[in-house]
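Required output: the full structure, derived from the provided sequences and hints.
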Amino acid sequence: MSHAGFLRDHTGGDCEAGVIALVQALKAAGDEAAKQPLIAGVARVHEAIDTLPAEARAILSGGDLQILHFTAEAALAPRQMERARVAYLRDAGFDDTAIHDIVHVVCCFSYMNRLADSLGVEVVGPERLAWAERLYGADATAAHTAWAAPG
Amino acid sequence: MPWIDLPADDATKDLERATRPYRKEGRPVPSVIAIMKPNVRALRGVIQMNNAVTFGGSSLGQRREELIATATSALNECFY
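Those protein sequence lines, which keep their order, are chains A and B.
Be aware that the first sequence starts at 104, since it is given in this note's numbering, and climbs by one per residue.
Be aware that the second sequence starts at 15, since it is given in this note's numbering, and climbs by one per residue.
Derived from the structure by calculation, the hints contain no laboratory data.
In this text the structure is predicted, and so the values were computed from the model without any measurement.
Backbone N, C-alpha and C fix where the C-beta goes; we use that ideal spot for every residue, glycine too.
Wrong hints could be hidden among the right ones.
What the simulated footprint calls covered on chain A by chain B, stretch by stretch (three residues with Cβ under 8 angstroms from a Cβ of chain B suffice, anywhere in the stretch; the number is not a length) [as the list claims (entries may be wrong)]:
(1) 109 to 122
(2) 209 to 215
Residues of chain B clear of chain A, computed beta-carbon distances all greater than 10 angstroms [said to hold, decoys possible]:
(3) PRO21
(4) ALA22
(5) ASP23
(6) ASP24
(7) ALA25
(8) ASP28
(9) ARG31
(10) ALA32
(11) ARG34
(12) TYR36
(13) ARG37
(14) LYS38
(15) VAL54
(16) ARG55
(17) ARG58
This is the structure we're talking about:
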């Protein structure tokens, strides 16, 4: 979530609406995917990436869509990975160092997500909570706060 | 509050040293880093890993790193 803020800051221009649209589309697809069998769920995420709203597409540049498809697969269904997925990135113009780094960043954030969500790491501070509300919506942010609260 | 008890930043010499950069910047240890305080070796290792592959540390550039981070967290509905 905080990294969506970094994405906004490093994309340039007035891109906040695009970042929010991207996050909301991927979150919704992730929510749907979580309710389905693994392979069908990942297929739903690929479909969502192919039909991102125009605002979200506007902040993407060459190669970003391929990165998003690869990220979805690596983050949600690593068992689906095969040589062809690497070739897919290579065909999009990424060299082997870049492909390695894409995988490493997905791994790093998958790790941090699991660490945070397994041990109740919550968003704190009014500024960050306000950003969470803009990104994920008030209901999801309230649910997050309740999730982290002592029982 | 996280669901496990965490030691104070200065509970041991190692932990004090590992968390010192944040105090120098006048800010608390980020909660997702603080959660690793029970194992200071893991905390140090993860910080090194984060610096190697994020915050502009990879060949991708920070915008693309943040795109991947943002997508991964959104797909997982993780607030981190």
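Evaluation of the provided hints:
{"no.": "1", "hint": "109 to 122", "verdict": "holds (count 5)"}
{"no.": "2", "hint": "209 to 215", "verdict": "holds (count 6)"}
{"no.": "3", "hint": "PRO21", "verdict": "14 angstroms, holds"}
{"no.": "4", "hint": "ALA22", "verdict": "17 angstroms, holds"}
{"no.": "5", "hint": "ASP23", "verdict": "16 angstroms, holds"}
{"no.": "6", "hint": "ASP24", "verdict": "21 angstroms, holds"}
{"no.": "7", "hint": "ALA25", "verdict": "18 angstroms, holds"}
{"no.": "8", "hint": "ASP28", "verdict": "20 angstroms, holds"}
{"no.": "9", "hint": "ARG31", "verdict": "22 angstroms, holds"}
{"no.": "10", "hint": "ALA32", "verdict": "16 angstroms, holds"}
{"no.": "11", "hint": "ARG34", "verdict": "21 angstroms, holds"}
{"no.": "12", "hint": "TYR36", "verdict": "14 angstroms, holds"}
{"no.": "13", "hint": "ARG37", "verdict": "17 angstroms, holds"}
{"no.": "14", "hint": "LYS38", "verdict": "20 angstroms, holds"}
{"no.": "15", "hint": "VAL54", "verdict": "15 angstroms, holds"}
{"no.": "16", "hint": "ARG55", "verdict": "15 angstroms, holds"}
{"no.": "17", "hint": "ARG58", "verdict": "15 angstroms, holds"}
Going down the numbered hints, you'll see the structure goes against none, and every one checks out.
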